[in-house]
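S.K.: Turn these sequences into a full structure, and let the hints guide you.
Residue numbers (numbering that gives the first Met the number 0), protein chains in the order written: chain C, 0 to 334; chain W, 0 to 246.
Derived from the structure by calculation, the hints contain no laboratory data. We treat Cβ as the ideally placed atom computed from N, Cα and C, and that holds for glycine. Just to be clear, a hint being listed does not mean it is correct.
Capping the alpha-carbon separation at 30 Å, the derived lysine-lysine pairs in DSSO-like fashion look like this [as the list claims (entries may be wrong)]:
| # | chain 1 | residue 1 | chain 2 | residue 2 |
| --- | --- | --- | --- | --- |
| 1 | C | Lys72 | W | Lys144 |
| 2 | C | Lys116 | W | Lys144 |
| 3 | C | Lys119 | W | Lys144 |
Coverage of chain W stretches by chain C, computed from C-beta distances (three or more under 8 Å per stretch; other residues unrestricted) [said to hold, decoys possible]:
| # | segment |
| --- | --- |
| 4 | 88-94 |
| 5 | 118-128 |
| 6 | 134-141 |
| 7 | 145-159 |
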Amino acid sequence: MITVTELRKSYRQGGRTIDALDGVSLEVPRGTIHGVIGHSGAGKSTLVRCLTLLDRPTSGSVSIDGRDLTSVKDSEVRSARRRIGMVFQHANLLDSRTAAGNVALPLELVRLSKSEKDAKVARLLGLVGLAEFADAYPSQLSGGQRQRVGIARALAADPTVLLCDEPTSALDPATTDEILDLIRELADTLGLTVLIITHEMNVVKRICDSVSLLEKGRVVEQGPLREVAGSLNGRLVQALLPLPPHIPSGTGPVLDLLTAGGSGSGPVLSELSRRFSLDVTLLAGSVETLAGEQFSRMRVGLAPASEDNAPAEPLELNEVVSHLRARGVTVEVAA
Amino acid sequence: MNFLEEIVNNPGLTEALPTEFGATLQMISISGFFTVLIGLPLGVFLIASAPGGLRPMPVTHRILSDVVVNITRSVPFAILMVSLIPLARLITGTSIGPIAASVSLSIGSIPFFARIVETSLRDVAAGKIDAALVMGSTRMQVIRKVLLPEALPGLIAGFTSTLVALVGYSAMAGIIGGGGLGRLAYNYGLQRFDTTVMVVIIVIIVAIVQLIQLAGDRAMARVDHRNAATAGAGRRRRRAPAVEVSA
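M.R.: Below is the structure:
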């Protein structure tokens, strides 16, 4: 479990103080994956450096499995760091060592017999699917394979926490998905607590259980994925369930609908159409599976259906909205 | 007398050359040894003590880098040699001969090599150092397991250049008492107008330099795994067979 409380980090730059982190708090329960998303300059890198104690925070605390990291003495920093496995954007492998040699590096820092070490390296390389590349040098591996070696190396010291700093930002989309699925699999099988720093929403969508949106050193939105995706007013919903640009409907009211997982499932739109005799036009929408549940966000235009030249019944918008809400759909009148 | 006969009969070549060749090798190997022994740790210290380094020591760094290294490097070598004669006498008990000359040769090339070491180590990506620190390495482990192995190709290339420079310096050292090929060329070639000796010595010195360079390049290629094409051991990427393009 990772607990970050009111973390602050200020730098002095040319006489003025810059607050790179301005009171960041977050909690990642054991065995779950938390994404920290933000633009460049939001404070993501500073957060990573404070979590690994490469930088000391100005105030606030970081604790891993209930042990405070920020208060450890300089002499204990090294053993405290071994509880954290870290995956970097560019893998940061040593070019002078083979894949096996790179994975062995953290094991050389602790006392371990050669046979134990070799067995562990082989097991770790197998875990990331690179058993046959043990003798290859990083320059002979693809970007995705290098990142797999990086992940194996991060796991070498049996950490309980895996910290990933933009792990897929330098990879192509297909490789990105492979690496993300590997991280998810490892988190599930090894019970790892994972914190992923990223600027890619795809990473959050694919593997995160919860997410924090970081902006100018502050967390502006935070929560389990199903919560942040389930609220129409949040900042993250537009990124998680984007509404593509669309042409506004000519007449009639426009509704924003959001269905999440079990709530509001079923044929919402056709039911609406039958029950209220409405023509329902889908203007824009997106459907995603997030944290194992299906979410859909739709913008629909409503108009009374005129059948067989019979005069259309006037539209009772309030009734429509309360019907939808009763069905568990989040509704907002957009126009 | 043709040129070949001249070579086998010239006393400057038959009697003096083997001794002086040995003296030159002695100077290069002794000073080469001490250059690495002192220059390598000095270069590592320059990097580690720099601002933002593994163990920043701004004042010590500044004194070593700006004062000691730069001043030693900016004094012309011939002048440095002459001014170090008293020191050579203090250390070796004599002021002439290849061993005495090795003192000033070492002192002249240590700062040169230390700068090369510093530059090579600085080229090691900061991310690799961070990675080693995050996995709990001590500073010493970062130096031993990351900085030096990663910079090894550059260090070997730098040492090769240093040795080549030492060949040149040793010839100069010969003229002011060090002995070796430099003195031979000066005594016979210049003062006795013996062109044969001069030509032979130039050929030998060129050959020494070529050999050093060749050995250096070979050694560097062996340890350099930075490019897939030259990574050597391990799994080589197969090149796709060339396909002929037909019109």
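S.K.: Decide, hint by hint, whether the structure agrees.
M.R.: Structure-based check of all given hints:
Proximity of Lys72(C) to Lys144(W) is assessed by CA-CA distance (about 25 Å); at most 30 Å being required, the pair is judged to hold. At roughly 17 Å between alpha-carbon atoms, Lys116(C) and Lys144(W) fall within 30 Å of each other, so this suggested pair holds. The hinted pair formed by Lys119(C) and Lys144(W) meets the criterion: a straight-line CA distance of about 19 Å does not exceed 30 Å. Under a criterion of three residues with beta carbons nearer than 8 Å to beta carbons of chain C, the stated coverage of the segment 88-94 of chain W fails, only 0 such residues being counted.
Coverage of the segment 118-128 of chain W by chain C holds [criterion: at least 3 residues with CB-CB distance below 8 Å; count 3]. Residues of the segment 134-141 of chain W lying with their CB closer than 8 Å to a CB of chain C number 5, which satisfies the three-residue condition for coverage. Counting residues of the segment 145-159 of chain W whose C-beta lies closer than 8 Å to any C-beta of chain C gives 4; at least three are required, and the coverage claim holds.
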